[in-house]
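There are 2 protein chains.
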Amino acid sequence: MISKILVPTDGSKAARKAAKYAVEFAKQTSAALTLLSVIDKRFVVSQSIPSVASPTHLIEPIEDYLKQAAESYMEEIEILCKHNNIQSKAIIRSGHPVEVIVKEAEKLKVDLIVMGSHGKSAIKAAFLGSVTIGVIHKEIKIPVLLVRR
Amino acid sequence: MISKILVPTDGSKAARKAAKYAVEFAKQTSAALTLLSVIDKRFVVSQSIPSVASPTHLIEPIEDYLKQAAESYMEEIEILCKHNNIQSKAIIRSGHPVEVIVKEAEKLKVDLIVMGSHGKSAIKAAFLGSVTIGVIHKEIKIPVLLVRR
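Line by line, the protein sequences give chains A and B.
Letter 70 of the first sequence, counting from 1, is numbered 69 in numbering that gives the first Met the number 0, and no numbers are missing.
Letter 146 of the second sequence, counting from 1, is numbered 145 in numbering that gives the first Met the number 0, and no numbers are missing.
Since the hints were made in silico from the structure, they are not lab data.
The reader is advised that the hints may include incorrect statements.
Which copy? The list can't say, so a pair holds if one copy fits it or any two copies do.
[Said to hold, decoys possible] Below 27 angstroms or equal to it, Euclidean Cα-Cα: the simulated DSS-like pairs (lysine-lysine) are: (1) Lys137 <-> Lys81; (2) Lys16 <-> Lys66; (3) Lys12 <-> Lys119; (4) Lys40 <-> Lys81; (5) Lys119 <-> Lys66.
Could you build all of it, start to finish, from the sequences and the hints given here?
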C-alpha cells in the first residue's frame, strides 16, 4: 500500500514533469507527497571560489538564493496539490543530492520515490541524469518510479 | 491515470518480488496486469552449441522447456491476480529481453512498467541487473517502477 511518496526536485523541466506525474499518481492512490529540494553544497562552493581569497562570505548569499528558488518551484507543485486535495509538504536540505535523497527517503519511511529520469545537470544525450543514476544504484529497499522526459 | 501495467518476469526471486509488488499496486490502482516472459534467444543458442555440428535440432526442445518454465512461474502470479480480482494476462515472446520488453510496452500502450532491480542473470554484487539497466536506458516515454531486492 503506497501512502507516502518522496518527490525529489531541482526545478528542472524533467523534475517538474515528474512532480506533476506524482500529483496525478497521488490522486489515484490517495498518497501524501513530500517534495524535497537539495541545495547542492558542491555547487555552492564552486560558484563562490573564483579569485576570491576567502570565499566563505559568498556561500551564504548563494545558498539563500538557491533556497528561494527551491521554495518558488516547490510552491508551484504545492498549489497543484492543494487544488487536487492532496496532502503535501515541501522540505529543503543541504548536501550531496543522492545522499540526502536516500537519507530522507529512509528517515521519512516513504513507500516510493518518484523522480525524473533527468535533472538540471543532465547531459542532453544521456538517457539518465547523474542524480537519478546515483539513487537507483544505491542499495535501498524503497522502490523508485522513473518518469521519462 | 494508470490502468495498464507491464510486468516483465524471468522467474527469478527478484522478478517474483516485483510481480507480487505489481499485484499489490494493481489492487490499489485498479489497473490490469500483463505478465511478460521473454525466451532469450541468445541463451537458447548458447545452450545448444557445445560440440554438436548442427545444433538446430536442440533449439526447439530447449525453447519448449523454457516456455513451460515461464508458463509455470507466470501461472503462480495469475492465480494471485485472480484471488485479488485483478485483470491479468500472461504472454511469452522470444528475442532479446530488453528489445522485446520495450517493444511490447509500446505495442500494448501500457502506462507503467513494473520490474525487479535484478533478474536471473544478475551478478550478486551489482545494484541493478543487465535487463533492468537496458530498459531504463532505452529512450521510451513509459515510466518504469523499480522494485528493489
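Exercise for the section: Please write out, lowest number first, the hints stated earlier that are contradicted by the structure. Expected result: 1, 4
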